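> Based on these hints, arrange chain B on the given structure of chain A.
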Amino acid sequence: SQTIHQWPATLVQPVGSPLSLECTVEGTSNPNLYWYRQAAGRGLQLLFYSVGIGQISSEVPQNLSASRPQDRQFILSSKKLLLSDSGFYLCAWGLGAQPQHFGDGTRLSIL
Amino acid sequence: GDSVTQMEGPVTLSEEAFLTINCTYTATGYPSLFWYVQYPGEGLQLLLKATKADDKGSNKGFEATYRKETTSFHLEKGSVQVSDSAVYFCALSPRSGGSNYKLTFGKGTLLTVNP
Chain A
1 SQTIHQWPAT
11 LVQPVGSPLS
21 LECTVEGTSN
31 PNLYWYRQAA
41 GRGLQLLFYS
51 VGIGQISSEV
61 PQNLSASRPQ
71 DRQFILSSKK
81 LLLSDSGFYL
91 CAWGLGAQPQ
101 HFGDGTRLSI
111 L
Chain B
1 GDSVTQMEGP
11 VTLSEEAFLT
21 INCTYTATGY
31 PSLFWYVQYP
41 GEGLQLLLKA
51 TKADDKGSNK
61 GFEATYRKET
71 TSFHLEKGSV
81 QVSDSAVYFC
91 ALSPRSGGSN
101 YKLTFGKGTL
111 LTVNP
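Residue numbers (the working numbering), protein chains in the order written: chain A, 1 to 111; chain B, 1 to 115.
Simulated from the structure, these hints should not be mistaken for lab results.
Careful, some of the hints might be misleading.
Unchecked claim - Pair ranges (Cβ atoms, derived):
1. A:14 to B:71: 38 to 46 Å
2. A:70 to B:114: 41 to 49 Å
3. A:7 to B:9: 27 to 35 Å
4. B:5 to A:96: 20 to 28 Å
5. A:52 to B:114: 44 to 52 Å
As the list claims (entries may be wrong) - Keeping only pairs whose Cα atoms sit at most 30 Å apart, straight-line, the calculated DSBU-like set for lysine-lysine is:
6. A:80 to B:107
7. A:80 to B:102
8. B:60 to B:102
9. B:60 to B:49
10. B:68 to B:107
11. B:102 to B:49
12. B:107 to B:56
13. A:79 to B:102
14. B:102 to B:68
Computed from a predicted structure; not experimentally measured.
C-beta atoms are modelled at their ideal positions from N, C-alpha and C, and glycine is treated no differently.
Extracted from the complex, chain A is given alone in its bound form (with noise of 0.2 Å):
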C-alpha cells in the first residue's frame, strides 16, 4: 500500500533563517505531488505542484520554493522566512490530477 512521509512535524524558526520541509512518498510510481498550506482561520492553498522530476509549478508567488530530485521525493524550500510563512503545510500525492492521500503536516512557528 502507499504511504507518505513528511517531516518535521513541527518546527519553530527565526524570521530571515533558510526552511527545508521534506516529503516522501512510498509503494506508488510517478505520482503527482503537492505542496499546501493552510494558514490560521483559512483553506488549504496550493503551493506547488509537480508532475515528474525537475517539473515545478507553482500556484502563488512567494519567497518558498519546491524541488523535486527524485521520483517520489518532494522538497519545500525558502532561503529566507518571512513571519507570513508560518502556516500548516502539508504535501500530498495523486495519481491523477487531484491528490488523493496527504502527509501528516508539518506546524511551522517563524518567531
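Here is chain B on its own, set in the frame of chain A:
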C-alpha cells in the same frame, strides 16, 4: 476567484442519525467537486468526487450530488457511525488546462458522532 463555502462546525450527532454537511461553491465554468476526510491522527484523504452536473459521488455510505443549478455539493449519509467522526473538507478544481491541478478547499467541518 473560485471559492468553497461549507457549513461551520462542529456538528455533533448520535449514532445512526442522518448527516448533511452543506457545501456551496463559486467558480467559472464547470469545476470538478470533491469531499476529503481527515480521521483523527491520520492525513487528509479523498472521500468522493463528481466531475459533472448531476453526477453523484459515493463512498463508504456517503453520497454527494453535483447540483449546478444551486452550485452545491452537499455531503450526506443515512446512518452515521462513531467511526465517521472526522473533519470533512469540500473542494473544487477548475476543469480547464493546467489549472485542473489546483484544488480550492473549504475550511472544514468537524463531525463528532456519539454512541
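> Does the Cβ-Cβ separation between residue 70 (chain A) and residue 114 (chain B) fall within 41 to 49 Å?
With Cβ atoms ~45 Å apart, the hint holds.
> Just tell me: holds or violated, for the beta carbon distance of residue 5 (chain B) and residue 96 (chain A) against 20 to 28 Å?
Since the Cβ atoms of residue 5 (chain B) and residue 96 (chain A) sit about 25 Å apart, the hinted range of 20 to 28 Å holds.
> For a C-alpha distance cap of 30 Å, please report whether residue 60 (chain B) and residue 102 (chain B) respect it.
holds, 25 Å
> If you draw a straight line from the CA of residue 68 (chain B) to the CA of residue 107 (chain B), is it 30 Å or shorter?
holds, 21 Å
> If you draw a straight line from the CA of residue 80 (chain A) to the CA of residue 107 (chain B), is it 30 Å or shorter?
holds, 29 Å
> Take the C-beta atom of residue 52 (chain A) and the C-beta atom of residue 114 (chain B), compute their distance, and say whether it sits inside 44 to 52 Å.
About 46 Å separates the Cβ atoms of residue 52 (chain A) and residue 114 (chain B), which means 44 to 52 Å holds.
> Can the restraint linking residue 60 (chain B) and residue 49 (chain B) be considered satisfied, given a maximum Cα separation of 30 Å?
Measuring from Cα to Cα gives roughly 13 Å; hence the hint holds.
> Could you tell me whether the CB distance from residue 7 (chain A) to residue 9 (chain B) stays inside 27 to 35 Å?
holds, 29 Å
> So if I understand the rule, the pair passes when the alpha-carbon distance is 30 Å or less; does residue 107 (chain B) with residue 56 (chain B) pass?
holds, 22 Å
> Against the 30 Å threshold, does the CA-CA distance of residue 80 (chain A) and residue 102 (chain B) hold or violate the hint?
Given pair residue 80 (chain A), residue 102 (chain B) holds - Cα atoms ~26 Å apart, limit 30 Å.
> Residue 102 (chain B) and residue 68 (chain B): Cα distance at most 30 Å?
holds, 20 Å
> CA of residue 102 (chain B) to CA of residue 49 (chain B), is that 30 Å or under?
holds, 15 Å
The structure meets every hint from the earlier list without exception.
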